[in-house]
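Novice: Residue-level listing of the chains:
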Amino acid sequence: MRTDLLTEPVEGLDEALAAVDAFDAALSSGLLRPQPAQGAALLGLADAVAGTPLAARVAEAAEKAAAAGASEDHFVALAAARTALLGSVHDALGTRVEEAVGRPRAELAAPADGPREPAQEVNVLMAARSWLADLARCGWQGMDHEVVSGAAPVVSALLPEPGLRRLAALLDGFAAELAASCPGASLQRVPERRWADLWARAMLLTLPGAAGVPETTTVTGRLLPLGVDVQEHATAVQAQVHAVLEPADGSAARLVRASVSVPKPDTVVGAGLWQLLRPYMSLLEALGEGRSTELTDMPLTAEGDLLWSDAHARPGEPADPFATARVALPTATDTPTAPLDRHPTRLAVPVFVEGYATQLDEDELTLTFAGQPLHVDADRIPTASPLTPEAVAKSGACIGLLRWDAGRFTLQPLAVESTVRKKTVALHAGAWAGGTTDKVGVKGEKAATDAVKVLRERAGRLLRK
Amino acid sequence: MSPPVRQGTVLWCMGDGALSGWERSSTARVMAPARPRKLAKVPFVELADGRLQGVVSSGSDIGRVYVSSVTAGAYAYACSTNNNRPCGGARGSYCNHIAALIREAVLQYGAVRVARYLKCDLGDTEPDAASLTHAMASTRPSPGDSKAAATVFSRFLRHLAYLECDPTTAPLPEMQWFPPTRAVA
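Heads up: the sequence lines are chains A and B, in that order.
Numbering-wise (the working numbering), the first sequence opens with residue 1 and increments by one.
Numbering-wise (the working numbering), the second sequence opens with residue 1001 and increments by one.
Because the hints were derived from the structure by calculation, they are not lab data.
Keep in mind that a hint or two might mislead.
As the list claims (entries may be wrong) - Lysine-lysine pairs mimicking DSS-like chemistry, simulated, CA-CA at most 30 angstroms apart:
no.	chain 1	residue 1	chain 2	residue 2
1	A	K443	B	K1119
2	A	K446	B	K1038
3	A	K439	B	K1041
Unchecked claim - These stretches of chain A come out as covered by chain B in the derived footprint (C-beta under 8 angstroms, 3 or more residues):
no.	region
4	41-55
5	175-185
6	190-203
7	222-232
8	260-268
9	320-333
10	381-391
All figures in this text were calculated on a predicted structure; none of them were measured in a lab.
A virtual CB, placed ideally from N, CA and C, is assigned to each residue, including glycine.
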């Protein structure tokens, strides 16, 4: 990987982000009675998309919002403008990543009209939009428990419907953060970029069809896992396995992801996350055992997401992720991103790196390649895992996800190799995904089993009375 | 940039100029996940609606639970069964159920966050479950509104219902905004 390219400036990036930051500050203060500086930021956002098909609608929305007269549709237009700007940032960074890793990226065919959700779900989407508009009016600095608690009935209505899970998981995690930070007036500082991101994404997902499952084809072939990325908030968890797919028809190998997610009580943590997910994706066990998986007619989206079903998978031969990373990864085709999902946070590009020096200062872990630093986001390593930041600091080779946040590229470690007594030892973030015999791991599994057992017992006794 | 995470804090309340990337981070960690704890005695605890509130299992009857709460600021207390019978211990001061609730809340969220939510300033004393309970009880709090019990109990049932949700293998791209953190509450 050409790490030198990762620290060079990207043209136009600062200008795009300046418009985003100004809007985010305006949103933070609330748009109920906008001050002149907020009005200027709104018009600045409109200016930034003046050369796009959004121009007229955003200009109108900015003008209305600056005059304290924004409707919910106007808020949607502003969210769309902000999303478009960050989409352009995503594209510029994506091109840079492509140059740095030296792999081609698949093109996404022009999408057909997305599927539309049935009419009865529109009501709950409208309720979500109405809550988001209330938030925009009071701003992070003006929010209180009453405004934030408006999310609860919306989330309760969204959760049972798997087709609306994207918006449900987003709103649930977002509202919990806001509730923990109430009242906004006493906040010493505000995660402006983050909350504006979550607000804008949620706003767009209230458009019927925005979160519909895209069209799929099916694939048959051998799946070689690289590692697993875990994402979680208090009441949801998702595991995404990154892997190289070698199609049986002999066509070019490509990178794919396989995801499984589930809502959870906030007291299920650590190994409990693996326990909740394990029964629904045999791939997690294969990952823990270091095996490949044979796929037969598994559904695959154009974005490279396998829609996993154990009926289309069976265990394959042993496959070392480091062998996959060294041999198969360099020539595999990267996944494209759907238009609406383009955002720098979405970048998670599998890479293999070695021959670096490591440096651990306080909380900062850095890999250095011929003088070029690459920050390691070690905080992303799941706790129920034998991989630790200390192990990364002692490593000689690493499989990771290249990401970008807060103005710089970072590496999320998925697995490392280090030399212990002249022998190469590998540690994987997902080693315990399918279960473990490790002493610490077993203790965590036991604690998580007990927690879920108590909750199920309580639910059985109290829930259906 | 991931900010250093310290024990027992909601992450934003550390004003620290050195962390300027935090405001510009899409994946800034705002809350540390709950710390694992044993759930048998107190299956549910939360900081919500201006109260520390939760559900405490009865020691004698497995079909019975107590709904207990302490309000922020006034420390007013309430404790009754899920069938709305008042707890015999909660007369004049905190009962054992409320003491257990505070203890488990401190385990789950960290003492600093619990103290901050309840507006309980311990001065220079390092907050823990015992010092928090003592500080609040010694203000001679009055019994609070027991009507909240129904709301708390329904929030507990909603919490349990999370175990009944079906998983999905369709990707949730929005979860990219929720990376784990190794910090503990």
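Novice: Work down the list of hints and note, for each, if the structure agrees.
Specialist: Hints and how they fare:
1. A hinted pair counts as satisfied when its Cα atoms are at most 30 angstroms apart, and K443/A with K1119/B does not qualify at roughly 36 angstroms.
2. Taking the CA atoms of K446/A and K1038/B, the gap is about 11 angstroms. The hint holds against a cut of 30 angstroms.
3. For the given pair, K439/A sits about 26 angstroms from K1041/B by alpha-carbon distance, which is consistent with the 30 angstroms threshold.
4. Counting residues of the region 41-55 of chain A whose CB lies closer than 8 angstroms to any CB of chain B gives 0, so the stated coverage by that chain is violated, three being the minimum.
5. Judged by the Cβ-Cβ criterion of 8 angstroms, the region 175-185 of chain A is covered by chain B as claimed, because 5 of its residues qualify and three suffice.
6. Note: the region 190-203 of chain A has 8 residues with beta-carbon separation from chain B under 8 angstroms; the three-residue rule is met and the coverage holds.
7. Coverage of the region 222-232 of chain A by chain B holds [criterion: at least 3 residues with CB-CB distance below 8 angstroms; count 3].
8. Chain B is given as covering the region 260-268 of chain A, and this holds because 8 residues of the stretch bring a CB closer than 8 angstroms to a CB of that chain, at least three being needed.
9. Under the rule that three or more residues need a Cβ within less than 8 angstroms of chain B, the assignment of the region 320-333 of chain A is violated, with 0 such residues.
10. As drawn, the region 381-391 of chain A meets chain B at 4 residues by the rule of a beta-carbon pair under 8 angstroms; at three or more, the given contact holds.
In terms of the numbered hints stated before, the structure departs from hints 1, 4 and 9, listed from lowest to highest.
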